[in-house]
Amino acid sequence: MTNQNTISRESDLSGGEYKWGFVTDIETDLAPKGLSEDIVRLISAKKEEPEWLLEYRLKAYRHWVELEKSEAEPTWAMIDYPPIDYQDIYYYAAPKGTNEAPKSLDDVDPEMLETFEKLGIPLQERAALAGVAVDAVFDSVSVVTTMEKQLGELGIIFCSFSNAVKNHPELVKKYLGSVVPYTDNFFASLNAAVFSDGSFVYIPPGVKCPIELMTYFRINTEGSGQFERTLIVADKGAYVSYLEGCTAPFRKTSQLHAATVELVALDDSEIKYSTIQNWFPGTKDGEGGIYNFVTKRGRADKNAKISWTQVETGSAITWKYPSVILKGDNSVGEFFSVALANNHQQADTGTKMIHIGKNTKSTIVSKGISAGKGSNTYRGQVQIMPGAENAVNHTQCDSLLVGDECGAHTVPYIEVRNPTARLEHEASTSKVSDDQLFYLMARGLSEEEAHHMIITGWSRDVIKELPFEFALEASQLLKVSLEGAVG
Amino acid sequence: MLEINNLHASVVDIENSEILNGINLKVGKGEVHAIMGPNGSGKSTLANVLMGRPDYLVTDGDVTLEGESILELRPDQRAHLGMFLAFQYPAEIPGVRPWQFLKAALDSKAESRGEDKMSVRNFSKLFDEKVEAVGINPNLVKRSLNEGFSGGEKKRNEMLQLEVLQPALAILDETDSGLDVDALRIVAEGVNSMRSPERSFIVVTHYQRLLNYITPDVVHILVKGKIVKTGGADLALEVEKDGYQEYLEAAGANA
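In order, the protein sequence lines correspond to chains A and B.
Offset between the first sequence (1-based) and the numbering used here: plus 536.
Offset between the second sequence (1-based) and the numbering used here: plus 247.
Bound-form chain A, shown alone (with noise of 0.2 angstroms):
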């Protein structure tokens, strides 16, 4: 007898092997594990923070610890797994020495500089010729951000969180909260407590920022948490496009990360906001990985635009709805997704679009890929305001899933309060057909590159939204994402 069954049948999404996941031997400032209001005013004087950050950070802390004692922690999510202990973990980790922040990329730890070397992020000069501006955050310190003193030419500020609060505090102090409050949920207030750092960014009205703005996270340190913060101001007229990434070593245990991002849109202004997440996903059998708990919210005043694109590869657990409150008439919003779990990852995204303008639009593209044991759920919300005349929505949510043990679930609400509203909503469920996969194999592309054709083609209405150089990463990633899925 002989097999005539050369492509496996059951898609066996597992070995997938993640290649971020070294530890970087560097010696590192940690505060001692758990939280607490000393914790919290440790932070804050590590960073040499003024009175009145201190104060908002408290208020946090005991909101956050009232939410706690309340059992507040979300469990609506259609996600799974053990309690977190908070008292368990390293609110503040820093690598030695960067308690300066660095002058220039001369003063950086050369182990640090190789480190962001091998994620393939350009910190040296030539990143200026790649037209990319980086701030590099490692643990909770931002280590070097490239290109600021260009930048700084045309008014436009790009540094770290902690620079930002140093030296320009009227800022930080005018946007921090405006539009995630420490009050919004659980993480958030988490985060407004113990936030480590991120970056900030303010571009003056009018001006057109004239490169991409980066900002690449990495976690390092073994049973920490990573807690970023990241304001982004565009002032009247002004447009910028900023992409964050993320990748952290392979390790057994869980860690946290509750990051928070506001964008604020002023008048006619636009933002764009791409991320590509490739935190530690978890062996595949489900050990360790990174639980990514997000806020990400935007606001756009009036004409202005806010366009959230995200490619998620990584975590453990995906808990995370980039938001657009559309606050001024014909603002616009969108979100663009491609969230992929496989193994046992468990994805909870999508978006809330909130009209409260006239003549406000919103589109949501959501691209859910379920693989191996992995479970994706879309969650959305369009809510219309009864002031949101002629308010536009169009949806469309797709799932695919490869393998038959994955799941996938779409949660959208929709809350219409102006009957002037259209609202249109698209959903579908496919599998990558064994007729797709037989047809490309045919001409001789093998199982792994026509499984990864049929994917990224299927996501290419999110992809293409993506800055180019960010494209071809993202469309990578998707393709190691998915070893080992076939074999």
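Be a bit skeptical, because a hint or two may be false.
As the list claims (entries may be wrong) - Pair by pair, the computed Cβ-Cβ distance ranges are:
#1 B/319 - A/622: 51 to 57 angstroms
#2 B/347 - A/956: 40 to 46 angstroms
#3 A/706 - B/375: 32 to 38 angstroms
#4 A/822 - B/442: 55 to 61 angstroms
#5 B/347 - A/922: 44 to 50 angstroms
#6 B/311 - A/823: 46 to 52 angstroms
#7 A/622 - B/264: 57 to 63 angstroms
#8 A/618 - B/369: 54 to 60 angstroms
#9 B/361 - A/689: 50 to 56 angstroms
#10 B/368 - A/948: 31 to 37 angstroms
Honestly, the hints are just simulated from the structure, not real lab data.
Built from N, CA and C at the ideal position, the CB exists for glycine as well.
With chain A held as given, fit chain B onto it using these hints.
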């Protein structure tokens, strides 16, 4: 070039589902063989089994290409050896452009042979030439592979791939079905222009009409999973006139 010996095949996971009941066939270099037969005779199954479709299980016999058995090879490996199947129902693949797909197919073939990949510039030139040659709407190939293509456009797209990939053995699985006369002629012209002493064809068809344009060297009649008659080009004309009834009756009596 291709030798099929006593080939038996059934549908995977279904007992007693034998479709091919001992096929013997030899296709020499440069020859064009037509395989004709009524519906359900196993023509398409044969074409798909040759290319390695995983829905079928070979239960007995062997298939060799240039003397080497190919049954253990995956479809992509068979493609790298120069085999090509023009599909009866090409799959639709959203978001994948025909250009990108064909470039990847050529690249993986080159890679498997340790050859250099064709440059993007040379490939673009080749692609544009072939798009014009097969008369496919140039706007169509900028869209998703086969998505929203009419039946005729899908078949032209198959011919485009055939022309670009230049296989050593091309199997056409009812490429004529659903085609109007003009499209039929284009398919036939494509095949005829590619006929060479180095290239063989297996043309699977229900009707004789395609063979008005492509003159086969050998015609086989397939009934109930067996080749019941082999002859020259004239055999196709006979079938056109008399139909498959006599063969069906004979096969029925044997069963």
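Problem set entry | Numbers of unmet hints, in rising order | 3, 10
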